[in-house]
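Peer 1: Each chain is listed here by its residues.
2 protein chains.
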Amino acid sequence: MGQTTNDLKLAIVEAIETQNKELIQQLIPELHAFDIADIYENLTEELKTYFIKFIPLEDKVDILPEVSAQSAEAIFEDLDNKSQRTLISELKDDDRVDILQRIEPELSVKLISLLKKDQQDLTESLLRYDESSAGGRMTTNVGKVHINMSVKEGIDNLREIYENTGTLARIFVVDDDDKLCGKLRLRDLAFNNWDTPINSIVQEANHSILANEDQELAAKLIKDYDLLALPVINEFNQLLGVITADDAMEILEQESTEDIEKIAGISGEVSFNPYMQTSIFSHIKKRFPWLFILAIMAIFSGMIMMRFESILTSLFLLALYLPMVVSAGGNSGGQASTVIIRAMSLDEISLQNSLKVLWGEFRIGAILGFIIGLFIASISYIALPLFDVEIPANITLKNFSIAIFLAISIQITASNIAGALLPLLARKFKVDPAVIAAPIITTLVDVTGLLIYFWIIKSFIF
Amino acid sequence: MGQTTNDLKLAIVEAIETQNKELIQQLIPELHAFDIADIYENLTEELKTYFIKFIPLEDKVDILPEVSAQSAEAIFEDLDNKSQRTLISELKDDDRVDILQRIEPELSVKLISLLKKDQQDLTESLLRYDESSAGGRMTTNVGKVHINMSVKEGIDNLREIYENTGTLARIFVVDDDDKLCGKLRLRDLAFNNWDTPINSIVQEANHSILANEDQELAAKLIKDYDLLALPVINEFNQLLGVITADDAMEILEQESTEDIEKIAGISGEVSFNPYMQTSIFSHIKKRFPWLFILAIMAIFSGMIMMRFESILTSLFLLALYLPMVVSAGGNSGGQASTVIIRAMSLDEISLQNSLKVLWGEFRIGAILGFIIGLFIASISYIALPLFDVEIPANITLKNFSIAIFLAISIQITASNIAGALLPLLARKFKVDPAVIAAPIITTLVDVTGLLIYFWIIKSFIF
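Protein chains in written order, with the working numbering: chain A, 1 to 462; chain B, 463 to 924.
Just so you know, the hints here were simulated from the structure itself, not pulled from any lab data.
Treat the hints loosely; a few may be bogus.
Stated by the list, open to error - Subject to a maximum C-alpha distance of 20 Å in a straight line, what follows is the list of computed EDC-like cross-link-like pairs (lysine to aspartate or glutamate):
#1 A:K116 to A:D130
#2 B:K682 to A:E66
#3 B:K614 to A:D195
Stated by the list, open to error - Short derived list, chain B residues pointing at chain A, Cβ under 10 Å:
#4 T602
#5 G727
#6 P736
#7 I761
#8 L868
#9 I870
#10 T910
#11 L912
#12 L913
What the hints assert, rightly or not - Simulated coverage check for chain A against chain B, where a stretch passes if three residues somewhere in it have a Cβ under 8 Å from a Cβ of chain B:
#13 42-56
#14 225-234
#15 247-253
#16 282-294
#17 343-349
#18 396-407
We put the CB at the ideal spot given by N, CA and C, even for glycine.
Model the full structure from these sequences, guided by the hints.
Peer 2: Right under this line is the structure:
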């Protein structure tokens, strides 16, 4: 099935490139909006303009929510006023708001003005919610019945709206004031007697979310409690809309990407735009701050090396192990911080068990450090004499190997604790743990690693 | 709403710790199975044994799928044969298979033997699918109607099974041979005349997946095409089961965690067990291989330092910049590889536009390198004289600053390209790109960075 879609996609791309009009027209109805959007996004500017003309207006409604802001602008700007009005009115309200939030403000204002009065009012009220809040993400097309209806009245009521409603998998029950009083499944209506009163079959709506809460909380509730739709309410418990499971999937994916980028030292919120549609300038803007801060921090490592010049120059063999001691710390600290950050964003670590986590990471670091330190030190003890490496007379090979063992194992243990401790501390002080990410820890342990290394060498063999 | 749940959870944890039986019994029915599982997992071994006795058998059915393998074993082992039989039979078939795959083989065999013949056969046939395949993840409780039925017959047919069926949001239509011929929404049945023939309202099932395909592909189809349920078929197009949107969410989360861990240099598949339930030994086993390989690789950096001993000792000021040059490369290479790996796992980069990606990353690296190199070199040019740093007579401050500029900007540019190139190459050669992760790139560019640094210094100022 996936194969067929891929073949179709390749065929249409070829048809576009060879400007085979008939084939394009024939293939478009075969493809899902998601695939057409994907094809469109990967065309050159020229071919985009060529291809978009073939897509009927009613299909553009499905494609718009799937493309980048720039593409959405281009698609609108290619149309006359009348078609613009049709397109913007036919979008689902949550998609419309999402697109209006992302495109150029001028175009956004113009498109809103094309809407009919009631759609305009609804759109403007939705635009008041923050883009990343539950209200900013919800759809107002919700399957809704009144608590005093019978099953038959409920079905009749839903029949009128059902073609425009995203999900009827969950139906919400409200009272005269539009307050949420419970939920139903469509099956409860479909399989019950028509004269059954809804208030006898209504179930408690255990989960709901306030419109101004973060969309991430909505996604978590949907995931944790396996919900198909989460009702969004205001402070008076009035039903405003729903967030559906497919929204939750998108939100969770965006959050994962944000975590991943922060772990790699990349700043800022993840934009809706995929990699290929992000400008070089935006990429640079997101990467520069950390790169710069980390470069400045690295000066401290350099200062420590300067400080121990006499030790390094009198036993230059130390340079052979220096990068290893330093990077082993960075790597183990990076592992520990990544695992802890991920566990925290999946809500697996509570404030109460932080100490247990630290004790665990201490043991993990100590065991890893012991094994790797012992291995490197043993190899050195055996191999160094074979290479005729010069060691000053006042230093024995045994002492040298012990010092290398201590430096590596202490550095890995300490880095592991630091890698676990920093994200936990960040959360304690209400900073996003993912910001205290691997590169920060790597750079910090570079500094401490050099100190540990020279200090052990100095006090142990000099 | 989230607040209330948290308060309840804190209250019950306190009740468990103070062994307040009445309060525990009173609070359990207030909580969702997910929350009870969460509370249970975070108790000490002793309190787990105490708390589990309060949970009625019918609630254990909902809790089992949410707990770790060890906890599932403990819960079963605490029961007599009769209760074990009730519990294992009442689980949904996909949950049952999932649990049986995770627990000790002996216990698994015993539990299967307790099942009735038909459940035993079904379970055994499902266990034949790989845990990470679509067949291993599907549920066989699927809303299914025959193509020759009327709407009324369809509803009657579903009524019999609907309480045990996970989702009726999508109903699948089959023929005499159980072959998939299309799909329906429950609303299509609920809102149509009872004597409408189903074959007049059936819609094409555009997406399906073979049982032995990877579950990740199933999750991608569900996400990309906003499906509520994806039918799983065999090679004869016979309907075997469905994968639902909430399964897809779990699969995607697991995949993200795997990507994140690989980016941080942690091996292996992500286990179902959350952080706190994973043993110290498993943590070490997953982290050791990379840590070890990277430590060995770092020896090459040490060898390069040894090789350039004379340069470093004759101008020890070079040590001040050495860590910065090396780590700036590691950081920018890590950023580039992470962004590319994530974009690839979201299917944003195709093989065809790899060259475009590399050209983009070259420009990003060059601009970042130019800015950061220029800044550091300018500061050095101004600040070094103020600190009375010794520079040998044959080297001018200007030449020294230009060399630092060149080293930093070349290192950042080269690392950025390496960071983008390696994951692209990995995919080309069918290796998981996330394996060529940040730590590998960091360690590689440590080596090349040192070479670039000393080579530029040697040819430019000596």
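Peer 1: Against this structure, judge whether each hint is valid.
Peer 2: We went through each hint and held it up to the structure:
Only pairs whose Cα atoms come within 20 Å are accepted, and K116 (chain A) paired with D130 (chain A) is rejected, the gap being roughly 23 Å. Distance hint between K682 (chain B) and E66 (chain A) is fulfilled; the C-alpha atoms sit about 15 Å from each other, no more than 20 Å. Taking the CA atoms of K614 (chain B) and D195 (chain A), the gap is near 17 Å; set against the 20 Å cutoff, the hint holds. Against a cut-off of 10 Å between C-beta atoms, the interface hint on T602 (chain B) is violated, since the closest Cβ of chain A lies about 18 Å away.
A cut of 10 Å between beta carbons decides the hint on G727 (chain B): the least distance to chain A is about 6 Å, and the hint holds. The beta carbon of P736 (chain B) is positioned within 10 Å of a beta carbon in chain A (closest approach about 4 Å), and the interface hint is therefore held. The interface hint given for I761 (chain B) is met, as the beta carbon of that residue sits about 6 Å from the closest beta carbon of chain A, less than 10 Å. Against a cut-off of 10 Å between C-beta atoms, the interface hint on L868 (chain B) is violated, since the closest Cβ of chain A lies about 15 Å away.
At about 8 Å, the closest approach between the beta carbon of I870 (chain B) and any beta carbon in chain A falls short of 10 Å, and the interface hint on this residue holds. Interface restraint check: T910 (chain B) against chain A, minimum CB-CB distance 13 Å, threshold 10 Å, status violated. Given the 10 Å rule on beta carbons, the hint for L912 (chain B) holds: about 8 Å separates it from the nearest Cβ of chain A. Hint status for L913 (chain B) relative to chain A: violated, with the closest Cβ pair at about 12 Å, above 10 Å.
Here's how the segment 42-56 of chain A fares: 1 of its residues keep a CB closer than 8 Å to some CB of chain B, so the rule of at least three is not met and the hint is violated. Counting residues of the segment 225-234 of chain A whose C-beta lies closer than 8 Å to any C-beta of chain B gives 3; at least three are required, and the coverage claim holds. Coverage of the segment 247-253 of chain A by chain B holds in this model, with 5 residues showing a Cβ closer than 8 Å to a Cβ of that chain against a need of three. Counting residues of the segment 282-294 of chain A whose CB falls under 8 Å from any CB of chain B gives 8; the rule of at least 3 is met.
Counting residues of the segment 343-349 of chain A whose beta-carbon sits less than 8 Å from any beta-carbon of chain B gives 4, enough to reach three: the coverage restraint holds. Here the segment 396-407 of chain A counts 0 residues with a CB under 8 Å from a CB of chain B, which misses the bar of 3, and the coverage is violated.
In this structure, the hints that do not hold are numbers 1, 4, 8, 10, 12, 13, 18, in rising order.
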